[in-house]
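Student: Spelled out, the chains give:
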Amino acid sequence: MAKAQLMQGNQACAVGALAAGVTFFAGYPITPSTEVAEILAEMLPKFGGKFIQMEDEIASMGAVCGAALTGAKAITATSGPGFSLKQELIGYASMAEIPCVIVNVQRLGPSTGKPTSPAQGDVMQARWGSHGDRGVIALSPTSVRETFDITVKAFNFAEKFRTPVILLLDEVVGHMRETVVLPESGDVEVIDRKRPAGPPEDYQAFKPEADGVAPMADFGEGYYYHVTGLVHDYKGMPSQNNALTTELIDRLHTKIERARDEITIYHQDYTDDAEVLVIAYGGTTRAAIAAVKEARAKGVKAGLLTLVTIWPFPGEVVAKAAAKAKTVIVPELNYGQLVGEIERYVPREKVVSLTRYDGELFRPEEILNPIITAGGGK
Amino acid sequence: MAGIEKYLRKSALPHIWCPGCGNGILLAAILRAIDKLGLDQKKTVIVSGIGCSSRASGYMNFNTVHTAHGRALTFATGIKLAKPELNVIVLTGDGDSTAIGGNHFIHAARRNVDLTTVIFNNNIYGMTGGQYSPLTPMNAKATTAPFGHIERSFDIAALAIAAGATYVARGTAFHAQLLTDLVVKGIENKGFSVIDAITQCPISYGRKNKMGTAADMLAWQRDSAVMVQAVSKMKPEDLEGKFVIGELYRSVAPEYTAEYDKLIARVAKKGGK
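Taken in sequence, the protein lines are chains A and D.
Under this note's numbering, the final residue of the first sequence carries the number 389; numbering is consecutive throughout.
Under this note's numbering, the final residue of the second sequence carries the number 277; numbering is consecutive throughout.
Next comes chain D alone, as it looks inside the complex (with noise of 0.2 Å):
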């Protein structure tokens, strides 16, 4: 904790998560990472959308905003685009980011917006109380899917580089340190960055599949991480049931408000009004 203590809502603690859940972990990587680059606390803002994941805005010193089901992007277009100098960091879960809040993700990353997008996801909607999501995988057991999962999961990552998304990375609560890392480098991507955060929920999800504790959830994610830069020398039967970590991808783009201030300066009337 030390280091990052600075950043928390002391009063608002202790927090709601479960035992065993890993979005704290999630949450402490995400401090260190602004604790890294040294953003100025005034100038940062955290947005959440609604769940768990969500919380963790409360629980921070910065002017934060925890607004409504999936529309956690939808707030911070407006905050960076009215005010472009603040730091804007984005915090939601896999449903509220990839179900009700879809349609916002596919265009804050197609406007190429410049917020750091962390999606802590942990497969399943956990707040209220384990119903599937878009990233819950096939077959799994949700309790609106008690008979097994028929949908596909969405790849958060495919996802976002496909709508334009100019920096996008995985990692786990298992990998902090590189959690840590990922989002340092999200948040110095002039752009829209999204890092896809896997964290376990064992109540929700690990106790209906069969997971185990929480500890079994991590070793599981330590088992089934493979670091990108291995990704080449392996064949494709080896990744199977594995996930990529890593920076996954990052392209150069026109970034959103800088266009604008570009747009401003194009027309802006001398001597203003």
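Only chain A is shown next, with the shape it has when bound in the complex (with noise of 0.2 Å):
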């Protein structure tokens, strides 16, 4: 019988890298990420997992990537500025089809900035962090539980679609305690990478099927394959040829793309009548949802729309859901970084951009006042 029991989003983080198979840990230390690392250090080692703390960002994110070639499920977490150390690395999981997952438990920027305070800054930087073109999958749960079960989530799209995934997590979240049930481990579902099934002599590492997807062999296995982060053929070998680059980035995001509605993750609330729509995401939501409810007490259609998929960006979910309203406010713990995205699929004049970035929290009559004015209330 699942039993209930106190948790903060960092602990449910790490719990539900258990639960989707995680064995392997490299990282960093960095605030307010550390307790992902902390908890995994204990748990790991008593199923047979790895732990390794190493010498700086850019080491953790090359040991998750050599770990996870070998067949290892394999997660690292930092924050901000770690995260911007690891985003050539990152890239590489992209380019080299390693799937892994990078934790990122935001904190205020630019630069060291203010590492206890809670934020979404880095928004963009899960995006367009590393250089060139990919796609990218990042997920940013709301509350302890969603952490958890995102978690599970991020190494199941890691494990299917060969790639690194971001979980991005702010500080209200990973540090917030509360009460959860988790579900019994046979109850979570656990997707594994596809292996090769043919002779090892056939074996191309890269030569995808028909969901964009090639089977992954485990090296030691004797599938010998080479990996690089240079342009390369379905072997794996370094090509300059241009055809062959534009079928490989273009496979880099089309294989995310055509998983579009499998990876994006949402949740309405009131939305089927709203006038005055809020999107939020990450901790925000949570004095969203108490605005939204506020709202609707003073005789506002008001609703809530909370994108848990944050990259590939569901624009289609954002254009239906914001269709009938009048006004769509976006508050973000940041200057603005992902109303900007909404306003591709939201015509701009509709469009309510609340920023903080002084490293506290909205309230929810910071979300309320604008709802009500919008909503023509008082």
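Please keep in mind that the hints were generated in silico from the structure rather than gathered at the bench.
Keep in mind it's a predicted model, so treat the numbers as computed, not measured.
For each residue, glycine too, the CB sits at the ideal point set by N, CA and C.
Please note: incorrect hints may appear among the correct ones.
[As the list claims (entries may be wrong)] Once the Cα atoms are required to be at most 27 Å apart in a straight line, the calculated DSSO-like pairs of lysine-lysine come out as:
(1) Lys57/A with Lys273/D
(2) Lys47/D with Lys246/A
(3) Lys14/A with Lys273/D
(4) Lys57/A with Lys266/D
(5) Lys246/A with Lys266/D
(6) Lys125/A with Lys171/A
(7) Lys335/A with Lys361/A
(8) Lys205/A with Lys46/D
(9) Lys47/D with Lys171/A
(10) Lys337/A with Lys304/A
[To be verified] Cβ pair distances, simulated, as ranges:
(11) Glu200/A with Pro258/D: 37 to 43 Å
(12) Pro126/A with His19/D: 46 to 52 Å
(13) Lys218/A with Ala234/D: 51 to 57 Å
(14) Met231/D with Glu232/A: 37 to 43 Å
(15) Lys40/D with Ile202/A: 40 to 46 Å
Hey, can you piece these two chains together into the complex? The hints should help.
Tutor: So, in structure tokens, the structure goes:
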């Protein structure tokens, strides 16, 4: 029988990773993500898994890539400055199609900023932090329980699409404690990467199947292949061929794009008849839902769309939810990062951007007041 | 080439190295070491960084990873820790391993991870066109040291020993047979092994420093190298301008992945998850 327990978001992330089958962690300590490392340092060896605190953030990302190539489900946890350092190798993992999970418990930046303050300043870094073009999956849970579920999803997406997956927590979700009831281990859907079935001599590690993803052999099994960050052919060998380059870069996008419906996770509260729609994500959702309920009590038809999947950006979901609304309010703990993306799907004159970047959370009334104003109330 | 052809990806050849480059000699020496030890091809992984040397992995028919600038040892640490039964051999250049990868180098040595690292040391960044590296000697010229280099260079062996490596050796492209023996011993060592493999870059380094042809540079290796066994009989002034080759250091220390396995045995939950 599953029992209720008091748990922190970062702890739910670590426990979710274990439920998804994680066997390897490499990381470098940084506030406010450290509990993920501390818990996995204690838990992983108990199950035969490996934990290593590397000499820096870059090394951590390299070790994660290396471990994943042997078949391990690998994870690292960091915060904004460390996420920046990891970017080159996150791009490598995209290019070499190495499944792994990168947790970024965001803090206020730029630079070392405010280490213990909540922020949502890495939304664009998650998308564009690494050089070049690539498809990106980034997920941002809103609660402790959802952090567990979304961590499992992050691993599943990483394995299924052979790609790094970014888990964007914010300090509120990471450090908040809530009572949760977690599912029994048998009730958690766990997806493992496709493995090759044919003879090793025929194996082409980067030759996609119909879903755009190639089966992946573990190092040590006898399926020899070359892994490189260079543009490469189906066997992994470097190539200068232009057509092949286009095909590869296309596929890094399309293998994720074509699964958009499966990857897109969102919640809707009171959106059916909403005249004022709030779109929020992460910890900000919590003040937003309080504001929406309060607005309803005051007779304003307000609704909330919560985006858990940030990338690929769920533009169609946003467009549909916003179609009937007169006003769309977007509160974010940054200077206005996701609102620009929303404006690509919602007429700009309907959009109100609420920003806060002083290290404090939105209070519900800060979202309620613009809802009331937009809804014609007092 | 006899005996080592089976370890080459013939479809990936010809290689991209310049005529006269010593990297092919080093590659062959490493493959001979693998052959001599009879390593299981399936259980052997080659990891390289970026640069001329690091293209070697692509020509080798194993599970091979051509990583990012300076990061070969980080990937190798992840591979070895996740699957300790694999033999992991790291190929990297002097700039790759001691400049951008310098931090990883000292920490891999400190942990004494069971990896064998062969540093293709040609004293220069060859692929990017001859800029100075931490191994470029003082006063030598490079495209970014047009008036002569004013930094002191690293002694890779001393650095590795100080950081905790348990096997340290130096060879050259000229002494290819010796190099094979040194790599064999490095792989046999249960811990972090470093082989400083001096090689010639006639195009980006030799030409700028008036060292003559590739053959002249090989002759320079022959004439400048002193076998470690001979050093004790030599006066300090006889060693000026020379470098010592052979097995330079060996020690026994706890190996990281073995220690981790012991940790697992100590804390593992009975009955699994």
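Student: Decide, hint by hint, whether the structure agrees.
Tutor: Hints, verified against the model:
1. Lys57/A with Lys273/D: Given that 27 Å is the threshold and the Cα spacing comes to 5 Å, the pair holds.
2. Lys47/D with Lys246/A: With Cα atoms ~19 Å apart, Lys47/D and Lys246/A stay inside 27 Å; holds.
3. Lys14/A with Lys273/D: Since the Cα atoms of Lys14/A and Lys273/D sit roughly 21 Å apart, the hinted pair holds (cutoff 27 Å).
4. Lys57/A with Lys266/D: Satisfied, since the Cα-Cα distance of roughly 12 Å is no more than 27 Å.
5. Lys246/A with Lys266/D: At roughly 38 Å apart (the allowed maximum being 27 Å), Lys266/D and Lys246/A break the hint.
6. Lys125/A with Lys171/A: 36 Å, violated
7. Lys335/A with Lys361/A: 11 Å, holds
8. Lys205/A with Lys46/D: With Cα atoms ~20 Å apart, Lys205/A and Lys46/D stay inside 27 Å; holds.
9. Lys47/D with Lys171/A: 26 Å, holds
10. Lys337/A with Lys304/A: Holds, at roughly 18 Å.
11. Glu200/A with Pro258/D: 37 to 43 Å: This hint holds: roughly 41 Å between Cβ atoms.
12. Pro126/A with His19/D: 46 to 52 Å: Because 48 Å falls inside the window, the suggested range holds.
13. Lys218/A with Ala234/D: 51 to 57 Å: Holds, at about 54 Å.
14. Met231/D with Glu232/A: 37 to 43 Å: 42 Å, holds
15. Lys40/D with Ile202/A: 40 to 46 Å: 43 Å, holds
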